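Protein chains: 2
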Amino acid sequence: MWNNIPTKDTIKSTHERIKPFIHKTPVLSCKAINDTANADLYFKCENFQKVGAFKFRGATNALLSLTDEEKQKGVVTHSSGNHAQALALAAKMNNCRAYIVMPENAPSVKRNAVIGYGAEVITCKPTLQAREETSEKVIQDIGATFIHPYNDYRIIAGQATSAKELINDIQGLDFIIAPVGGGGLLSGTALSAHYFSPNTRVVAAEPEGANDAYRSFKNKAFIPSENPQTICDGLLTSLGDKTFDIIIKHVNNIYTVSDDEIVAAMRLVWERMKIVIEPSSATTLAVVIKNPQVFAGQKIGVIFSGGNVDLSKLPF
Amino acid sequence: MWNNIPTKDTIKSTHERIKPFIHKTPVLSCKAINDTANADLYFKCENFQKVGAFKFRGATNALLSLTDEEKQKGVVTHSSGNHAQALALAAKMNNCRAYIVMPENAPSVKRNAVIGYGAEVITCKPTLQAREETSEKVIQDIGATFIHPYNDYRIIAGQATSAKELINDIQGLDFIIAPVGGGGLLSGTALSAHYFSPNTRVVAAEPEGANDAYRSFKNKAFIPSENPQTICDGLLTSLGDKTFDIIIKHVNNIYTVSDDEIVAAMRLVWERMKIVIEPSSATTLAVVIKNPQVFAGQKIGVIFSGGNVDLSKLPF
Chain A
1 MWNNIPTKDT IKSTHERIKP FIHKTPVLSC KAINDTANAD LYFKCENFQK
51 VGAFKFRGAT NALLSLTDEE KQKGVVTHSS GNHAQALALA AKMNNCRAYI
101 VMPENAPSVK RNAVIGYGAE VITCKPTLQA REETSEKVIQ DIGATFIHPY
151 NDYRIIAGQA TSAKELINDI QGLDFIIAPV GGGGLLSGTA LSAHYFSPNT
201 RVVAAEPEGA NDAYRSFKNK AFIPSENPQT ICDGLLTSLG DKTFDIIIKH
251 VNNIYTVSDD EIVAAMRLVW ERMKIVIEPS SATTLAVVIK NPQVFAGQKI
301 GVIFSGGNVD LSKLPF
Chain B
1 MWNNIPTKDT IKSTHERIKP FIHKTPVLSC KAINDTANAD LYFKCENFQK
51 VGAFKFRGAT NALLSLTDEE KQKGVVTHSS GNHAQALALA AKMNNCRAYI
101 VMPENAPSVK RNAVIGYGAE VITCKPTLQA REETSEKVIQ DIGATFIHPY
151 NDYRIIAGQA TSAKELINDI QGLDFIIAPV GGGGLLSGTA LSAHYFSPNT
201 RVVAAEPEGA NDAYRSFKNK AFIPSENPQT ICDGLLTSLG DKTFDIIIKH
251 VNNIYTVSDD EIVAAMRLVW ERMKIVIEPS SATTLAVVIK NPQVFAGQKI
301 GVIFSGGNVD LSKLPF
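Taken in order, these protein sequences are the chains called A and B. Going by our numbering, the letters in the first sequence line up with residues 1 to 316, in that order. Going by our numbering, the letters in the second sequence line up with residues 1 to 316, in that order.
Among the hints, a few may not be true.
What the hints assert, rightly or not - In silico lysine-lysine, DSS-like type, Cα no more than 30 Å apart, as pairs:
hint	chain 1	residue 1	chain 2	residue 2
1	A	K73	B	K31
2	B	K220	B	K290
3	A	K249	A	K313
4	B	K220	A	K71
Stated by the list, open to error - A partial selection of chain B residues facing chain A, derived with a Cβ cut-off under 10 Å:
hint	residue
5	W2
6	N4
7	N47
8	I170
9	M273
Treat the hints as calculated values from the structure; they're not laboratory data. None of these values were measured; they are calculated from a predicted model. Beta carbons: idealized from backbone N, C-alpha and C, even for Gly.
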């Protein structure tokens, strides 16, 4: 079941499986922001999801797909933050031990949240290589099951349920826009649109300083992220082969925005909608505002991916 | 109709009158905060109201109660912020001119919002005397109708509709807690509880540095605020005679909290609920957390009065 790209039925059954554990997040709209963007925007608020991010959907699906024997040995992952919290809480809710490999520069609010959920944090250098080596050691030593943050069909199917709910709530969307880091949310979103609303085009938003997905998409070949620099700490990772394949097939376009444009969009949302979103979420609105030639007058679902920010280090 | 304390029927008809113009704000709950407070909390989110504060309810009722002749000459008020925005927008929606007397130290975000709604801002010194004299001049010169921020039964009846909605959504509340500045929200809340949920006790939250309502309540005599010092810029004003009378009769108790306690509660809400509330709103939760001997185990409606903060001047 988890060796192939999730089918329509797989995403439906995933949604039924995780429903008792996740929040059905609200879809909000804001007249002031519609006026600014000159578009009809529907914000899917995964910042209100458990652990404050969409990541809880995929993590929950992964945990619920383990055998009893696997659950006994625990799970391990490496993550810049939200997936870590998500897996920690999903493990706790399933009486399963979680080992979280985190880069030493991860925001303290995310690190503390993971510890608060009872997971064990193992610190490493902030490189993909260090993360993977440290995770591998936990797998070898303890026998824990590795749950990749995004390059895993269980995760992708879980993240797909956000767009599935959005499509069910708001009919006739011209676009859905989602941020892209590793591509778990974006590939899941693209699958759900493909299956449940085939006339809706899925586009992605990416920070200029971490534009590996943009470059991979334009070159139709995987190009890894190197030394990414952006305020979006959730979007530093490169695509994986599984997410890349789905994105190439089902995503309409990828747009990049500068950190200044992201912070301006984030501020607009905090001030006018009175909700807390993290910079990664704000990439989407920044793209819509920056590209009126594409988005003006359109009906657009916007996925706000999360709301975990360190309030001591705000960019305002 | 507006010469006496609003009756049950007056509040009902006020609600019907303003319904087409206001948002019915959501009631949210948060497991993490319930655990912290050891109580069952229902947050009535007036931060999601138009202009970001409950004040739009009262201002709309006041505007809709004017004669055509009065509307032609416009309205004037003095306000530290949210009432100003509320009256400006309510006036704009009714094709009526608004003159807003604002203290020179008002947050820029509030000042800019008022100008954005097309109102005329007249600046004065940050004292009650200066505000009243400047307003009086506009009344004399232009013939505008003065709409007091709180000491006006039209305003009190409008603010009462928030608690009316809360009581309708959540049955069997042991308490409702609201912040108190001038007392418009608190007196309206107390009236709605009295009429629509008589077993619910209404209590108030006030900053220690602006505790005129606390002192007036304990002394059963009106004591004005003198040189108030608090982060809660919405709670600097003194009670009025109309709000004081209702509060003395229908409010169960008033509790004070320090600015540090208020900021901690505000941070907890931003971090765990992912919503933006202003310091005035956070007084309520701070009181609940500070007084477990009163509130532990209780079912409590908490009125988050607004969400207008200057993001450039956060206390974190």
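So, going through the hints one by one against the coordinates:
1. A:K73 x B:K31: Judged against 30 Å, a Cα distance of about 29 Å means the pair holds.
2. B:K220 x B:K290: holds (24 Å)
3. A:K249 x A:K313: Distance of about 38 Å is beyond 30 Å: violated.
4. B:K220 x A:K71: With a Cα-Cα distance of about 63 Å, the restraint between K220 (chain B) and K71 (chain A) is violated, given a limit of 30 Å.
5. W2: violated (31 Å)
6. N4: Given a least distance of 35 Å, the restraint on N4 (chain B) is violated.
7. N47: holds (5 Å)
8. I170: This interface hint is violated because 18 Å lies over the 10 Å limit.
9. M273: OK, holds: M273 (chain B) within 10 Å of chain A, min 8 Å.
Taken one by one, the earlier hints fail for this structure at numbers 3, 4, 5, 6, 8, listed in ascending order.
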